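Student: Letter by letter, the chains look like this.
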Amino acid sequence: GAVVSQHPSRVICKSGTSVKIECRSLDFQATTMFWYRQFPKQSLMLMATSNEGSKATYEQGVEKDKFLINHASLTLSTLTVTSAHPEDSSFYICSAESTYEQYFGPGTRLTVT
Amino acid sequence: AQKVTQAQTEISVVEKEDVTLDCVYETRDTTYYLFWYKQPPSGELVFLIRRNSFDEQNEISGRYSWNFQKSTSSFNFTITASQVVDSAVYFCALSELYSGNTPLVFGKGTRLSVIA
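Residue numbers (the numbering used here), protein chains in the order written: chain A, 138 to 250; chain B, 6 to 121.
Hints are computed from structural coordinates only; laboratory data are not their basis. Values in this document were obtained by computation on a predicted structure and should not be read as measured data. Quick reminder that beta carbons are idealized off the backbone N, C-alpha and C, glycines included. Hints are supplied without guarantee of correctness; some may be wrong.
As the list claims (entries may be wrong) - Residues from chain A shown here face chain B by an in silico Cβ test under 10 Å; the list is partial:
| # | residue |
| --- | --- |
| 1 | PHE165 |
| 2 | THR169 |
| 3 | PHE171 |
| 4 | LYS178 |
| 5 | LEU181 |
| 6 | MET182 |
| 7 | GLY190 |
| 8 | GLY198 |
| 9 | ILE230 |
| 10 | GLU234 |
| 11 | GLU238 |
| 12 | GLN239 |
| 13 | PHE241 |
| 14 | THR248 |
| 15 | THR250 |
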């Protein structure tokens with residue numbers, strides 16, 4: 138089956154710094170990727186839809202200037218958490234879509250100290 | 006708007022017991038997909054099943070079975086003879102069918118603990 142990778146799997150950063158998370162589709166091309174966030178013991182909530190070559194679409198309440206999404210190629214989308222704060226600590230999961238099937242990455246656990 | 010409700014927040018069973026996880030959904034779409042995912046402590050989502058709205062047949066896969074009833078908008082998941090390795094959070098999810106560019110809407114999840 139199709140494989141989606143995320144890097145890094147875990148990251149700890151200091152408050153005020155920026156963190157970039159990569160989401161790659163390894164064996165297929167994905168025109169659309171989704172970014173979800175999951176706080177501890179909560180559900181996955183869609184943050185944004187990332188389309189190759191165009192601007193991302195953010196869900197209501199998600200700050201586009203804080204969560205920068207770039208989908209520069211058909212196999213890579215990046216999420217940059219700018220000026221991270223402890224409340225941004227969460228599990229970030231991407232998914233990539235290929236012919237109406239969605240494949241999830243293994244997730245990135247971000248801890249902001 | 007689409008919505009998925011998993012009323013059971015946590016369930017605890019003794020090994021070898023059967024357990025059913027409930028899922029009720031709301032959608033205005035006449036065609037849609039329903040999913041179940043398992044999330045072990047590692048966090049990675051494990052795909053269990055995808056069912057489209059045209060197919061109401063129940064499905065069995067080993068110890069897992071799913072009961073889809075459009076009349077009650079439910080898509081329940083049963084684990085037979087539960088094992089400790091089944092301990093995880095289980096999510097039910099919903100998406101549009103065939104439209105592409107469509108994210109999943111997840112329920113809040115049910116945490117299953119299977120005790121030896």
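Student: Would you mind marking each hint as holding or not holding in the structure?
Tutor: Evaluation of the provided hints:
1. Hint status for A/PHE165 relative to chain B: violated, with the closest Cβ pair at about 14 Å, above 10 Å.
2. Hint status for A/THR169 relative to chain B: holds, with the closest Cβ pair at about 5 Å, below 10 Å.
3. Hint status for A/PHE171: holds, given a least beta-carbon distance of 5 Å to chain B, under 10 Å.
4. Because the smallest distance between the Cβ of A/LYS178 and any Cβ of chain B comes to about 8 Å, under 10 Å, the interface hint for this residue holds.
5. Contact between A/LEU181 and chain B, as hinted, is supported at the beta carbon level, the nearest pair being about 5 Å apart and thus within 10 Å.
6. A least Cβ separation of about 8 Å between A/MET182 and chain B falls short of the 10 Å threshold, and the interface hint therefore holds.
7. The beta carbon of A/GLY190 is not positioned within 10 Å of any beta carbon in chain B (closest approach about 14 Å), and the interface hint is therefore violated.
8. A least Cβ separation of about 15 Å between A/GLY198 and chain B goes past the 10 Å threshold, and the interface hint is therefore violated.
9. Evaluation of the A/ILE230 hint against chain B yields a held restraint, the C-beta minimum of about 7 Å falling below 10 Å.
10. Because the beta carbon of A/GLU234 sits about 7 Å from the nearest beta carbon in chain B, less than 10 Å, this interface hint is met.
11. For A/GLU238, the interface hint holds, since its Cβ comes within 10 Å of a Cβ in chain B; the closest pair sits about 8 Å apart.
12. Checking A/GLN239 against chain B: minimum C-beta separation of about 7 Å stays under 10 Å; hint holds.
13. The criterion of a C-beta within 10 Å of any C-beta in chain B is met by A/PHE241, whose closest approach is roughly 5 Å, and the hint holds.
14. The interface hint given for A/THR248 is broken, as the beta carbon of that residue sits about 13 Å from the closest beta carbon of chain B, more than 10 Å.
15. With its C-beta approaching chain B no nearer than about 20 Å, A/THR250 sits outside the 10 Å limit, and its interface hint is violated.
Taken one by one, the earlier hints fail for this structure at numbers 1, 7, 8, 14 and 15, listed in ascending order.
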